[in-house]
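A.B. asks: These protein sequence lines are chains P, W and R, in that order.
Under numbering that gives the first Met the number 0, the residues of the first sequence are numbered 0 to 328, in order.
Under numbering that gives the first Met the number 0, the residues of the second sequence are numbered 0 to 408, in order.
Under numbering that gives the first Met the number 0, the residues of the third sequence are numbered 0 to 181, in order.
Simulated from the structure, these hints should not be mistaken for laboratory data.
Keep in mind the model is a prediction, meaning the values are calculated, not measured.
By construction, the Cβ of each residue, glycine as well, lies at the ideal position given by its N, Cα and C atoms.
Take these hints with a grain of salt, some might be off.
Said to hold, decoys possible - Far from chain P by the CB rule (all over 12 Å, computed), these chain W residues:
1. Thr70
2. Leu101
3. Gly237
What the hints assert, rightly or not - Result set (DSBU-like, lysine-lysine): computed pairs, CA atoms no more than 35 Å apart in a straight line:
4. R:Lys61 / W:Lys363
5. P:Lys325 / P:Lys188
6. R:Lys63 / W:Lys62
7. R:Lys63 / W:Lys97
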Amino acid sequence: MEAILKAALPGIILIVEALVLLVVALLHVAYTTYAERKVIGHMQQRLGPNRVGPRGLLQPIADVVKLLTKEDIVPLGADKGLFYLAPFISLVAGATSLAVIPIWNRFVLADVNVGLLVILALSSLSSYGVILAGWSSNSRYAFLGGLRASAQVVSYEVAMALSLVGVMLMAGSMNLSEIVKAQISSPFKIYALPQIIGFFVFMISAIAETNRVPFDLPEAETELVAGYFVEYSAIRFALFYLAEYFGMVVMSAVAVTCFLGGWAGPFEVPGLPFFWFLIKLYALLFFYIWVRATLPRYRYDQLMGLGWKVLIPLALLNIVITGGLKLWW
Amino acid sequence: MAPTLELYTRKIGHPEWEEPFVVNMGPQHPSTHGVLRLYLELDGETVVRCDPRIGYLHRGLEKLSENMTYTQAMVLTDRLDYISSAANNTGYCLAVEKLLGLEVPRRARLLRTIVCEMARISSHLLWLATHALDIGAMTVFLYCFRDREWLLDIYEKICGARLTVSYPRIGGVRLDFTSEIIDELYQFTEEFPTRITDYETLIDVNRIWLRRTKGIAVVPPEKALNMGLTGPSLRGSGVPYDVRKFRPYDAYDEVEFEVPVGKNGDTYDRYRVRMEEMRQANRIIRQCLDKLAQTEGEPVVAEGAPDLLMPEKKKAPRAVPHPKKGFMVKGEEVPVVPEGEVYVSIEAPKGELGYYIVSDGSGKPWRVRVRAPSFVHISAIPEMVKGHMVADIIAVIGTLDVVLGECDR
Amino acid sequence: MSVVEILKEKFGAAILGEETTADQLGIYVSREVLPQVMRFLHDELDFKHLADLCGVDYLGWKGKRKKAERFEVVYNLYSLSRRELIRIKVPIPESDPRVPSVTSIWRVANWFERECYDLLGIRFEGHPDLRRLLMPENWSGHPLRKDYPLEPEEEWKDYAELREKARELSRYEWGDRRVRGG
Chain P
0 MEAILKAALP GIILIVEALV LLVVALLHVA YTTYAERKVI GHMQQRLGPN
50 RVGPRGLLQP IADVVKLLTK EDIVPLGADK GLFYLAPFIS LVAGATSLAV
100 IPIWNRFVLA DVNVGLLVIL ALSSLSSYGV ILAGWSSNSR YAFLGGLRAS
150 AQVVSYEVAM ALSLVGVMLM AGSMNLSEIV KAQISSPFKI YALPQIIGFF
200 VFMISAIAET NRVPFDLPEA ETELVAGYFV EYSAIRFALF YLAEYFGMVV
250 MSAVAVTCFL GGWAGPFEVP GLPFFWFLIK LYALLFFYIW VRATLPRYRY
300 DQLMGLGWKV LIPLALLNIV ITGGLKLWW
Chain W
0 MAPTLELYTR KIGHPEWEEP FVVNMGPQHP STHGVLRLYL ELDGETVVRC
50 DPRIGYLHRG LEKLSENMTY TQAMVLTDRL DYISSAANNT GYCLAVEKLL
100 GLEVPRRARL LRTIVCEMAR ISSHLLWLAT HALDIGAMTV FLYCFRDREW
150 LLDIYEKICG ARLTVSYPRI GGVRLDFTSE IIDELYQFTE EFPTRITDYE
200 TLIDVNRIWL RRTKGIAVVP PEKALNMGLT GPSLRGSGVP YDVRKFRPYD
250 AYDEVEFEVP VGKNGDTYDR YRVRMEEMRQ ANRIIRQCLD KLAQTEGEPV
300 VAEGAPDLLM PEKKKAPRAV PHPKKGFMVK GEEVPVVPEG EVYVSIEAPK
350 GELGYYIVSD GSGKPWRVRV RAPSFVHISA IPEMVKGHMV ADIIAVIGTL
400 DVVLGECDR
Chain R
0 MSVVEILKEK FGAAILGEET TADQLGIYVS REVLPQVMRF LHDELDFKHL
50 ADLCGVDYLG WKGKRKKAER FEVVYNLYSL SRRELIRIKV PIPESDPRVP
100 SVTSIWRVAN WFERECYDLL GIRFEGHPDL RRLLMPENWS GHPLRKDYPL
150 EPEEEWKDYA ELREKARELS RYEWGDRRVR GG
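Let's have the full structure, built from the sequences with the hints guiding it.
C.D. replies: Next comes the structure, spelled out in structure tokens:
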């Protein structure tokens, strides 16, 4: 009995850890929506949510309850199986990426050697959710949104992957923990300085990957009403919403890990090993929200032009420079 | 000779693939500014054909006003372009006054000019807000609404209504301004130019904004005139046609202002023209306020102007010699509004708003025709969006500044 | 020389008359020569801005000015260079409500003419796409005619059908049950 327990213990611990991570991440996602509404509200000279709970703090919970109790409508002409499946693909792909991100020296769920590849793969996978949602809804707007999403994700995936190659070259590893450790031992402490081009390209492609302003074409509210999820309601709508914010959190976490030195900070905060990781994460999330309040939306062809004509050549240039310097030293 | 690519795909293409991708944009759509419905045929994201279908807000205002007295029909004009109702009222009043031959007192003309320019500012603010929101800039929207709210509050103080004001009346205006309103308007004109600068810093030099508006929906000047564009949409193309300058009405001949014109005739120029117009409108309000002090205490309604109780028919007693009894008092109809017809147009915020009124001498108009700028502008959409992308349709609808209440009447 | 004099010299008897009401000049033109007159006004006299085009129904007209025909189509033209507003009026008999289209001269006339056709039933010959504009495609009657009642007794015949269709389309699935909405 004891032997079985002993053998199963690592598995149980892993499950508990995964659950903890998921719950914490979900809370983060929920309060990112709150923060977004609050921050944008103040940027736009209004208050944002302030009715549910003190300072509107219970607003995300109220939203979830509301969406859970709403009616789940499926359009008549929809492909039902895919219609049901699509939001889960998006959400699961977004949430799974968290597993490989080292939040702390000793807290990585899956310390795989190809962590970066896993993240890239999962973020492309999440676009399937968007495309399938657009296709299966049997709606013109959703279809256009799905098409836009596929084109956008394909082009920006390339730019994002290329922007990360510089980091891999410098760290000599694709394991995210190794990358952070390499950053800490490097003279710069963070890779955002030597990899400034890569960081720039990554941040822009990350916004495009998560379909946020100014690259929110798949869901362009004023053109395509709501784009790919125009036909979704209730909890399935909430899942897409969650997936978007999960994407935001994951992308910020990747940026923190690959470019901003992960959990390392100028000094140790006793008892809070995640402190610096979270601070950096919040700063990036704030950046996302700030961008949303400020910029207009790109047009479809301009977006593609930016991706292929500006970001990808920049990323390639970055690889060449990094590789050259690496060879030199 | 090798077949062109187009011929090739035609040959192998499945007949269903050849069908255009049809999208019905509207009447329920966040950015068609009301109930405009665009029947779009798309090739990918490019517009092949666009056919606006209107009439969802058709209330038969022209037919209704034929069955009302002149003063009753004025309330209907509020509902044309509900964003700038004061301008609509003024245009209608000017037309009826011209038929009646009324001379409006100077103070009333100044007051009307002020409310018209306030309507222009609030209309342009709403335009800027929605145009920016359509293109994706969310924050401008709320900034503009803050200032528009201020104007609407002033309207409320002036006449009690915020949107459908009915403040001008045939022969003048309903009420005089109180000193409180004048003070607040002074304060507004003081602050508003800095607010415009605020908006400009938000979007004027934004690269995305420039890329979304420059070179979009270019209309050359002759074509713009031929398509009937008026107002800022025409002036963006470089034609300096402004009814306020060409056929001055109310107090526009005694105030100084400039008519901004664009150069390229694209969406960005029309945006610039409207921004500049807001500054000029502010200037006009300022001058009118200064002039109001000179006319303190003067009447605001012309002598003999009909009020709400305008009769449908007027009987005039007249002594008619009777063959048997020698005398008898008999009523005979005299014209309430002299017979005739008139076309009067004003520079509404959206463009030239014309009223063509035919009178047969009775108290009801025989025919009221409203030449609505939005109607003409919507008819120009198909030409302007051809070959552009779906996202540009939104920019075009925004740049023409259409209101469906006015279009469908 | 004023516009009327020039027109009279050029077109002679086709200019049926002139009148001035409220300081505004109106010129009656017979519909046979309308395209030529309009082309001349646009090209030679620089009336580039067709401010308005509308129809008027004079059925039961009690005014002092006698109207020979039931309908009139009214063109309000403005010239930016001459700064002059004129009104061209074309009388049209009830028995044959047709008038040549001016869409080839001013593109703006397109929708004006469609609206006029829709609301008054005057056909514009040579119009590229003369469909109803404000009213539904299969509406019967022309609302702005004086013999069209303000409140028609009968409902639009497609309304019941449309309502039924809307009800049909608003069916949706809720869980496993089929619910009839509307």
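A.B. asks: Confirm or reject each hint.
C.D. replies: Results for each hint:
1. Every beta carbon of chain P lies more than 12 Å from that of Thr70 of chain W, the smallest distance being close to 41 Å; the non-interface claim holds.
2. Its beta-carbon lying about 45 Å from the closest one in chain P, Leu101 of chain W satisfies the requirement of being farther than 12 Å from that chain.
3. Annotated as non-interface, Gly237 of chain W keeps its C-beta farther than 12 Å from every C-beta of chain P; the closest such distance is 25 Å.
4. Taken as a hint, the Lys61 of chain R and Lys363 of chain W pair is honoured in the structure, with Cα atoms around 12 Å apart against an allowance of 35 Å.
5. About 17 Å separates the Cα atoms of Lys325 of chain P and Lys188 of chain P, which keeps this hinted pair within 35 Å; it holds.
6. About 23 Å separates the Cα atoms of Lys63 of chain R and Lys62 of chain W, which keeps this hinted pair within 35 Å; it holds.
7. Note on Lys63 of chain R and Lys97 of chain W: the hinted pairing holds, with a Cα-Cα distance of about 19 Å set against a maximum of 35 Å.
Checked against the numbered hints listed earlier, the structure breaks none of them; every hint is satisfied.
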